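Heads up: the protein sequence lines correspond to chains A and B, in order.
So the mapping is simple: my numbering equals the position in the first sequence, first residue as 1, plus 12.
So the mapping is simple: my numbering equals the position in the second sequence, first residue as 1, plus 12.
The set of hints was computed from the structure by calculation and includes no laboratory data.
There could be a bad hint or two in this list.
[Stated by the list, open to error] If you only want the chain B side, here are some residues facing chain A, beta carbon under 8 Å, derived: (1) GLN62; (2) SER111; (3) VAL141; (4) THR159; (5) ALA191; (6) TRP192; (7) ARG198; (8) VAL204; (9) VAL205.
Everything numeric in this text was worked out from a predicted model, so none of it was measured.
The beta carbon of each residue, even a glycine, is placed where N, CA and C say it ideally should be.
There are 2 protein chains.
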Amino acid sequence: MSLVLDPTAQDLLFREARTANTFAEEPVTEDQVQAIYDLVKYGPTSMNQQPLRIVLVRSVEARERLTEHLSEGNRKKTADAPLVAILAADNEFHEQLPSQFPHFPQAKELFVERETRERSARLNALIQVGYFIIGVRAAGLAAGPMTGFDAEGVNKEFFGDGKHSALVVVNIGKPGENAWFPRSPRLTYNQVVTTV
Amino acid sequence: MSLVLDPTAQDLLFREARTANTFAEEPVTEDQVQAIYDLVKYGPTSMNQQPLRIVLVRSVEARERLTEHLSEGNRKKTADAPLVAILAADNEFHEQLPSQFPHFPQAKELFVERETRERSARLNALIQVGYFIIGVRAAGLAAGPMTGFDAEGVNKEFFGDGKHSALVVVNIGKPGENAWFPRSPRLTYNQVVTTV
Numbered sequence: 013m014s015l016v017l018d019p020t021a022q023d024l025l026f027r028e029a030r031t032a033n034t035f036a037e038e039p040v041t042e043d044q045v046q047a048i049y050d051l052v053k054y055g056p057t058s059m060n061q062q063p064l065r066i067v068l069v070r071s072v073e074a075r076e077r078l079t080e081h082l083s084e085g086n087r088k089k090t091a092d093a094p095l096v097a098i099l100a101a102d103n104e105f106h107e108q109l110p111s112q113f114p115h116f117p118q119a120k121e122l123f124v125e126r127e128t129r130e131r132s133a134r135l136n137a138l139i140q141v142g143y144f145i146i147g148v149r150a151a152g153l154a155a156g157p158m159t160g161f162d163a164e165g166v167n168k169e170f171f172g173d174g175k176h177s178a179l180v181v182v183n184i185g186k187p188g189e190n191a192w193f194p195r196s197p198r199l200t201y202n203q204v205v206t207t208v
Numbered sequence: 013m014s015l016v017l018d019p020t021a022q023d024l025l026f027r028e029a030r031t032a033n034t035f036a037e038e039p040v041t042e043d044q045v046q047a048i049y050d051l052v053k054y055g056p057t058s059m060n061q062q063p064l065r066i067v068l069v070r071s072v073e074a075r076e077r078l079t080e081h082l083s084e085g086n087r088k089k090t091a092d093a094p095l096v097a098i099l100a101a102d103n104e105f106h107e108q109l110p111s112q113f114p115h116f117p118q119a120k121e122l123f124v125e126r127e128t129r130e131r132s133a134r135l136n137a138l139i140q141v142g143y144f145i146i147g148v149r150a151a152g153l154a155a156g157p158m159t160g161f162d163a164e165g166v167n168k169e170f171f172g173d174g175k176h177s178a179l180v181v182v183n184i185g186k187p188g189e190n191a192w193f194p195r196s197p198r199l200t201y202n203q204v205v206t207t208v
């Protein structure tokens, strides 16, 4: 085998891990979320921008406000999940660059234009979404990432400041009964990879 | 500890893994790339879209064509890396949906509009970039992801069909001498995570 990663870890993070559609009642604790963050925060971003922001939707009232903006098919599973997280890009991430990228004090100035900033925030936060999903699995939990929602509605509802863009909503918990659809196929190596 | 993932794997993928800026000469084999793909292909995407495409830039001639479009500071390390991969979104991913999302035969029709398609391709391919970087590390290799390049130039040079959007260029190999800059800080949990 060409991988160094232990096969058990391969299974946990990729091969056996699946998108869950139902969840057990067991809660997801603050400690678990903290452990996930303390792992995935090390994933690299351009100039250490780290634009990903995470809103844990725990209260009944907030959960109701969220589900309203989800597409029909995503509502019930989101209402029932032990934890729901809104993953968003902070379009003002550049404010943190002086402390986060200290060896290049001018970094912040590269992002004075809002369009440049939003594009970079979105790009890097989405890469971080990939890390986060792996992190949820590293905690022995199942993730149910969803893009079927009204992003503008969620932004208004949860980020009134106009400075954040919701990207993905993720249900998190131990899988429940009949949690999985059958595994869908995957593209072959030759369909995805070319050499020049 | 709240994580199930073995601490050695945590170190390999996140805690000890670093963005490499120099590389050893040892080549990255086709077998290694295949093993990486065969792991990360299982990472979830919306409706199993799998829009990520990977171009392995192996020939001297192709490497020269690529480095021309990189920002100054990225050229030398890319010229010297054992392997360079262009990670791109396939904006025509919807053509694969009938085979990749067979239980919903109408899926392809949701993406007849080019703008909707490109937005979804970009979103999901970027999440897959996150998986890919983790996969490179799972193979015991260092990744050096870069966004400092002229994307339009790379698209014209390597994807003449107008159907692909380059997202990230990644140098891959065993780390060389002085491969690391000092680790930059990370945002705290409270700077990133809020609860509602």
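To see whether the hints hold, each was checked on the structure:
no.: 1; hint: GLN62; result: holds, 5 Å
no.: 2; hint: SER111; result: holds, 7 Å
no.: 3; hint: VAL141; result: holds, 5 Å
no.: 4; hint: THR159; result: holds, 5 Å
no.: 5; hint: ALA191; result: violated, 13 Å
no.: 6; hint: TRP192; result: violated, 12 Å
no.: 7; hint: ARG198; result: holds, 4 Å
no.: 8; hint: VAL204; result: holds, 6 Å
no.: 9; hint: VAL205; result: holds, 5 Å
Violated hints for the displayed structure, listed by number in ascending order: 5, 6.
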